[in-house]
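Peer 1: Sequences are here, hints too, so could you generate the full structure?
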Amino acid sequence: MTEPETEEVIIEQPEETISEAPARSAAAVMAIAEAIIFVSDEPITAKTLGEIMGEDKQTVQAAVEELQREYEERSGGLQIREIAGGWQIATRTEYHEEIRKFLKTRPSAKLSLAALETLSVIAYKQPVTVPEILEIRGVQSASAIKTLLEKRLIVTKGHKETVGRPMQYGTSKDFLIQFGLNDLSDLPSIEDFEDLTITALDQQ
Amino acid sequence: MEPQQQLEQFVFDFNKEKPEIVAESRDELKIKLGEFAGPLDLLLYLIKQEQANIFDIPIAKITDEYVKYIKLMKSLDIAVAADFVVMAATLIEIKSKMLLPRDPTAASDADELEDPRKELVDQLLEYEKFKSAAQMLYERSTVEQAVFKRGTIESDDNNAEISATVFDLLTVFQKIVLRHKEEVTMEIEREEISLADMIKALRKRIFAELELNLLTFFEDMHTRRELVTAFIAVLEIVRTEEVKLVQKTTFGDIFLKKVEPASS
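Sequence lines, in order, name chains W and Y.
Here the first sequence stands for residues 1 to 204, numbered as in the numbering used here.
Here the second sequence stands for residues 1001 to 1264, numbered as in the numbering used here.
None of these hints come from the bench; they were simulated from the model.
C-beta: ideal position from N, C-alpha, C; glycine also.
Incorrect hints may have been included.
[What the hints assert, rightly or not] Here are some chain W residues pointing at chain Y (derived, C-beta under 8 angstroms): (1) Gln88; (2) Leu113; (3) Ile136; (4) Leu149; (5) Gln178; (6) Phe193.
Peer 2: Structure, rendered in structure tokens:
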């Protein structure tokens, strides 16, 4: 009888000492998570939030998902979403015009067609080498790759262990952020892009 | 058929050749040419324009059309033109193969029986997928540009440390090498510092200062050889992961920071 009693005492202690060791309500977890997500300048994971708040990952994840539902129901100017593997508060797309008027910014320079094509090859085939990109695009992509590196949309991913040990490329976290992706699996399958109009044998 | 004549047709003299397309459509073509991302892009356009069946490309017609466009491209960047010319050669080769009669005495080799267009068709179909995927990415980025995050908070600049890539490092190094070029130094031949010693010195400095501005470090080098040794020392020390490269602002100065040995 003594042993179980001792164990029980240990478990009960936190409540008795009224320390700041949290036994928070779900609402409190939601509120704190919301505040931290707002302040974070990068998308923040439920894991990191959990570490900061002293809560476990699942609790936080559930709380933030509930928060997301509230945001959606509210139909306000903000949304909360998962991007590049973390959570982020951002404005809704509907209001971008008014926001631009306020910020007085213009949309940033778009990538060239060549850069976009190179990026799509890298995104889908990573890690991929320059000769492999050439095989698909039929064009030397050196300047496109340089642009993509400068914009931090792609990064080097080691060397391929074949003759010449060519450099391999893959996409970066900034790529996910700029294209609104949570992770690479959010990309539609490349097979979905088969052009059925061109492969239709009936040309009429 | 007349392979000789065809060969001459495709020897480009960009100074003498004149575009054959009539004036009214030339402008439209010129605008369209600027938009092609490569020879495959152009080929797909031509095939669609001819309403050709991609699995049975009328290779003679398509090659002719392609070559007409190439001639118009003499005003474009030469680097682009090279890739287009390579494709022209490929098309001509395929066209020739299609014209040659099949050797009846040849063993039924798989290669012999294969349609000479097959490889090109496979490449076109594959490319087409990535072209469409690129369009999808473009649309995604447009949507994403309509999404905004909060304005900057004071702590942003202080904390944000972007890992510098070797690419950024090279950019810094390039700057310094250019600067050095301008200095004319009369150097008395001196003993050059070895890579091992350079690494030791670098390590000592970082451990003492905890954070070292690369620009400052490189500027201390007096000769080109020392500069190169210094650069290699930086790469080496980053490779052994005793230090990491950070950039506090995009395109800002790069710092070497000592890596904390404890679990991160």
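Peer 1: Are the hints correct? Go through all of them and say.
Peer 2: Checked hints:
1. The restraint placing Gln88 of chain W at the interface with chain Y holds, with a minimum CB-CB distance near 7 angstroms, inside the 8 angstroms limit.
2. The restraint placing Leu113 of chain W at the interface with chain Y holds, with a minimum CB-CB distance near 4 angstroms, inside the 8 angstroms limit.
3. Given hint, Ile136 of chain W at the interface with chain Y, holds; its Cβ is 6 angstroms from that chain's nearest Cβ, closer than 8 angstroms.
4. For the restraint placing Leu149 of chain W at the interface with chain Y, the shortest Cβ-Cβ distance is roughly 5 angstroms, inside the 8 angstroms limit, so the hint holds.
5. A hinted interface residue such as Gln178 of chain W counts as satisfied when its beta carbon comes closer than 8 angstroms to some beta carbon of chain Y; here the least separation is about 6 angstroms, so the hint holds.
6. Taking 8 angstroms as the C-beta contact cut-off toward chain Y, the hint placing Phe193 of chain W at the interface holds, the least distance being around 4 angstroms.
Violated hints for the displayed structure: none, as all numbered hints are satisfied.
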